[in-house]
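In the numbering used here, the protein residues as written are 74 to 145.
Don't read these hints as lab results, they were simulated from the structure. One or more hints might be untrue.
[As the list claims (entries may be wrong)] What follows is a list of derived Cβ distance ranges for each label pair:
no. : residue 1 : residue 2 : range
1   : 106       : 128       : 13 to 21 Å
2   : 128       : 83        : 28 to 36 Å
3   : 139       : 113       : 15 to 23 Å
4   : 96        : 140       : 35 to 43 Å
5   : 83        : 125       : 36 to 44 Å
6   : 106       : 137       : 18 to 26 Å
7   : 99        : 138       : 38 to 46 Å
8   : 140       : 107       : 21 to 29 Å
Please read these numbers as outputs of a predicted model, since none were measured by experiment. The C-beta atom is built at its ideal place from N, Cα and C for all residues, glycine as well.
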Amino acid sequence: MYLTVCRTDPQYPRHAEIWASQRGDAKWGKPSQLNITADTLSSYAHPAESPDGDWLYFTSDMPGGQGGLDLW
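Build out the structure end to end from the sequences listed, making use of the hints.
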């Protein structure tokens with residue numbers, strides 16, 4: 074499962090991150106942050122996995138997009 078974690082700490086530059094957790098047996102594992110790029114100033118949020126599991130779509134304000142939040 075992918076989820077968005079939003080931080081409110083003013084010392085932390087990225088306010089939204091994508092994390093992942095796997096479910097084994099009946100409980101979820103500890104989530105870990107997905108490192109999409111080395112860019113620590115951009116936000117990454119709203120993850121959605123393709124039906125075949127090969128692609129992860131998300132929104133981000135990272136450089137290279139059209140501006141604001143783009144779909145990647």
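Quick rundown of the hints versus the structure:
1. Range check, residue 106 to residue 128: about 19 Å between beta-carbon atoms, so the 13 to 21 Å window is met.
2. Between residue 128 and residue 83 the Cβ separation comes to about 34 Å, which falls inside the hinted range of 28 to 36 Å.
3. The beta-carbon spacing between residue 139 and residue 113, approximately 22 Å, falls within the hinted interval of 15 to 23 Å.
4. The given range of 35 to 43 Å is respected by residue 96 and residue 140, whose C-beta atoms sit roughly 37 Å from each other.
5. Remark: the range hint 36 to 44 Å for residue 83 to residue 125 is upheld by a beta-carbon distance near 40 Å.
6. Distance hint check for residue 106 and residue 137: the Cβ-Cβ separation is about 21 Å, which falls inside the suggested range of 18 to 26 Å.
7. The hint said 38 to 46 Å for the Cβ distance between residue 99 and residue 138, and at roughly 40 Å that hint holds.
8. About 23 Å separates the C-beta atoms of residue 140 and residue 107, a value consistent with the hinted range of 21 to 29 Å.
Checked against the numbered hints listed earlier, the structure breaks none of them; every hint is satisfied.
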